[in-house]
Amino acid sequence: MSAATQATDGADTAAVRQAITTTARPPRPGGLSQALTFGWRGMLKVKHVPEQLLDVTVTPVMFLLLFTYLFGGAIAGSTSAYLDYTLPGLLVMSVLFTTVYSGVALNTDLTKGVVDRFRSLPLWRPAPLLGSLLGDSVRYVIAGTVIIVVGVALGYRPDAGVVGAVAALALVVVFSFGLSWVFCVLGLLLRSPNAVMNAGFMGIFPLTFLSNVFVDPATLPGPLEAFVEVNPISILATACRSLMDGEPDGPAILVSLAVAAVLAAVFLPITTRLYRSR
Amino acid sequence: MTTQAPLAIEATGLEKSFGDTHAVAGVDLAVPEGAIYGVLGPNGAGKTTVIRMLATLIAPDAGSARVLGHDIRTDGDAVRSQVSLTGQLASVDEELTGRENLILLGRLLGLSRAASRTRADELLEAFGIAEASARLVKHFSGGMRRRLDIAASIVVTPRLMFLDEPTTGLDPRSRNQVWEIARALQAGGTTILLCTQYLEEADQLADGIAVIDRGRVIAEGTPGQLKASVGTGGLHVRLLESEHRPEAAEILERAVGTVVLEADPAALSVSCADPARAADGVSAVARAGLGIAEFSLGQPSLDEVFLALTGHLAEEPDPTLEEQPS
Chain A
1 MSAATQATDG ADTAAVRQAI TTTARPPRPG GLSQALTFGW RGMLKVKHVP EQLLDVTVTP
61 VMFLLLFTYL FGGAIAGSTS AYLDYTLPGL LVMSVLFTTV YSGVALNTDL TKGVVDRFRS
121 LPLWRPAPLL GSLLGDSVRY VIAGTVIIVV GVALGYRPDA GVVGAVAALA LVVVFSFGLS
181 WVFCVLGLLL RSPNAVMNAG FMGIFPLTFL SNVFVDPATL PGPLEAFVEV NPISILATAC
241 RSLMDGEPDG PAILVSLAVA AVLAAVFLPI TTRLYRSR
Chain B
279 MTTQAPLAIE ATGLEKSFGD THAVAGVDLA VPEGAIYGVL GPNGAGKTTV IRMLATLIAP
339 DAGSARVLGH DIRTDGDAVR SQVSLTGQLA SVDEELTGRE NLILLGRLLG LSRAASRTRA
399 DELLEAFGIA EASARLVKHF SGGMRRRLDI AASIVVTPRL MFLDEPTTGL DPRSRNQVWE
459 IARALQAGGT TILLCTQYLE EADQLADGIA VIDRGRVIAE GTPGQLKASV GTGGLHVRLL
519 ESEHRPEAAE ILERAVGTVV LEADPAALSV SCADPARAAD GVSAVARAGL GIAEFSLGQP
579 SLDEVFLALT GHLAEEPDPT LEEQPS
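Protein chains in written order, with this note's numbering: chain A, 1 to 278; chain B, 279 to 604.
Derived by calculation from the structure, the hints in this document are not laboratory data.
Every value quoted in this text rests on a predicted model; they were computed, and no experiment measured them.
Misleading hints may appear alongside valid ones.
[What the hints assert, rightly or not] Here are the simulated DMTMM-like pairs of lysine to aspartate or glutamate, each with C-alpha atoms no more than 25 Å apart in a straight line: (1) A:Lys112 to B:Glu498; (2) A:Lys47 to B:Asp399; (3) A:Lys47 to B:Glu409; (4) B:Lys416 to A:Asp55; (5) A:Lys112 to B:Glu372; (6) B:Lys416 to B:Glu400; (7) B:Lys416 to B:Asp485; (8) B:Lys416 to A:Glu51; (9) A:Lys47 to B:Glu372.
[Said to hold, decoys possible] Interface residues of chain A toward chain B, partial, derived using beta-carbon atoms under 7 Å: (10) Gly10; (11) Ala11; (12) Val16; (13) Arg28; (14) Gln34; (15) Lys47; (16) Asp116; (17) Arg117; (18) Leu129; (19) Leu130; (20) Ala153; (21) Thr272; (22) Arg276.
[Said to hold, decoys possible] Incomplete in silico selection of chain A near chain B, CB under 10 Å: (23) Pro26; (24) Thr108; (25) Gly113; (26) Ala127; (27) Ala261.
Every residue gets a Cβ at the ideal spot worked out from N, C-alpha and C, and that includes glycine.
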């Protein structure tokens, strides 16, 4: 149709015809390559939607300032002593909050129909999920780095230096890999991104506060102390503290890794199954 | 359409329920390769569910289907590697740019980094969205968005394309462009399964049509056959003056056949398949000095077909049927 062909702001039928005839189907790429492509998509999202990153970093930074300067003196005797105690815990909090967004992002894809597009492609089944994890890990590292940098700016000095800080960050990120599958399951079950966000924070928020992130559990009433002691978030915070202090707490680190492995072992298969059938 | 061509889609007795809703209650389809085949029906008729089953997004509860020779139950991967899904369901990513979306799909389908970029630019150019290629898709206009959806489905040209309600909500100009693209795809050898609730769309594009209502195929054929099954069509005449109608009716009755008085007081129609006789009738009316505002000889519209087949109009969703879950 000449009218359509000459339209400057529409499809050019001749060119469309040309475009249809020019491609032969390339050989199918490997699963890993597909997962990396999904990882690239995750990075692009960090670039295009930085607000999401802002959401998850602002809250922990706010808590850092609030707790250090308002309660720090009362809790630990001085603000600098409290900062030493709480910063590794806030690192944990900051990164774990970010994991909720893995579920939110998955639910957004689902409600917008993007998941159906991916599911209609000849893909290695876990590729989209593993790939988005890759993108998420970038988000985790950024969220964790922000908290450490702000802490250092306020006077926090890890005894184990950069190595200790990096080791603690790495441990939190690995733990988050496990935890994020829980939120992915929520993301595939609930109706809207907002519902996922609310449910996610309803779980992670009290769990973080009922841990040793902010206070030493020794001062808590018995039953509460018992809970805080076994809360995996406490154990993870203890492990991070030990790494940053230069006195690695082997059992705490191992338990943190084991919890991450169990979470992944249980929730990853559920996620893959739901992703396939939804 | 020839029935001799090998079949791109061959479905028998497909069924799917969601809870108590029989979204699809036994659908048979035979779509020849190279055709544009319309699945026509109102909202909630089960069209989308049929597509989702054929594209292997959901498994049927009963029945079987082969798509391009591959069983959708046992050989889903082979199906997925030759088909594309476009429309309401399979969306592009709104939080990426148009170009990024196309590159993403190119990479996933196995194009090299360089080849996927070249392909993305070629498609953006062809579909008239090159200027907006760096814009996030959520800022695209409806027409641009729909063209990008289709471009995303031909990053690697599929042998079969599912086109689900491709023009819903588009202005007439964008709609015509989507139709042009569909025709271009067909000319390139791609079979298209077109789901639509617009009768005009099926009439414009489709070589064959299955009319679907409440999860069942209630009629099948070429647009012409469907129209013929309802009636022969007829001559419609509208007069300048409504008081001339009785006289015109008498003339047409003598010259052509049984006259039907239409709701419009100046209009009348005669059932008639023969253009020569119809022309005689019109000229007889004109010779009698009765002013004619307009006349036409035509087949019944697909709207009339749908009404005759289902007892309700296509555009009115049946209130007893819920919108099917997606």
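Hints, one by one, checked against the model:
1. A:Lys112 to B:Glu498: Not OK: A:Lys112 and B:Glu498 at ~33 Å, beyond 25 Å, violated.
2. A:Lys47 to B:Asp399: Holds. A:Lys47 to B:Asp399 sits at ~21 Å (cutoff 25 Å).
3. A:Lys47 to B:Glu409: Distance of about 21 Å is within 25 Å: holds.
4. B:Lys416 to A:Asp55: The hint holds at about 21 Å.
5. A:Lys112 to B:Glu372: holds, 8 Å
6. B:Lys416 to B:Glu400: Holds, at roughly 21 Å.
7. B:Lys416 to B:Asp485: With Cα atoms ~34 Å apart, B:Lys416 and B:Asp485 exceed 25 Å; violated.
8. B:Lys416 to A:Glu51: holds, 16 Å
9. A:Lys47 to B:Glu372: Cα-Cα ~14 Å, so holds.
10. Gly10: With Cβ-Cβ at 5 Å, under 7 Å, it holds.
11. Ala11: holds, 5 Å
12. Val16: holds, 5 Å
13. Arg28: Hint holds; A:Arg28 Cβ to chain B Cβ min 5 Å, cut 7 Å.
14. Gln34: Hint on A:Gln34: holds, closest Cβ of chain B at ~6 Å, below 7 Å.
15. Lys47: violated, 10 Å
16. Asp116: holds, 5 Å
17. Arg117: holds, 4 Å
18. Leu129: Since chain B brings no Cβ nearer than about 14 Å to A:Leu129, farther than 7 Å, the hint is violated.
19. Leu130: violated, 13 Å
20. Ala153: Violated - the Cβ of A:Ala153 stays beyond 7 Å from chain B, reaching only about 32 Å at its closest.
21. Thr272: violated, 15 Å
22. Arg276: Given a least distance of 10 Å, the restraint on A:Arg276 is violated.
23. Pro26: Hint holds; A:Pro26 Cβ to chain B Cβ min 4 Å, cut 10 Å.
24. Thr108: Holds - the Cβ of A:Thr108 comes within 10 Å of chain B, reaching about 8 Å at its closest.
25. Gly113: Result: holds, 3 Å to nearest chain B Cβ.
26. Ala127: holds, 8 Å
27. Ala261: violated, 29 Å
Of the numbered hints stated above, those contradicted by the structure are hints 1, 7, 15, 18, 19, 20, 21, 22 and 27, listed in ascending order.
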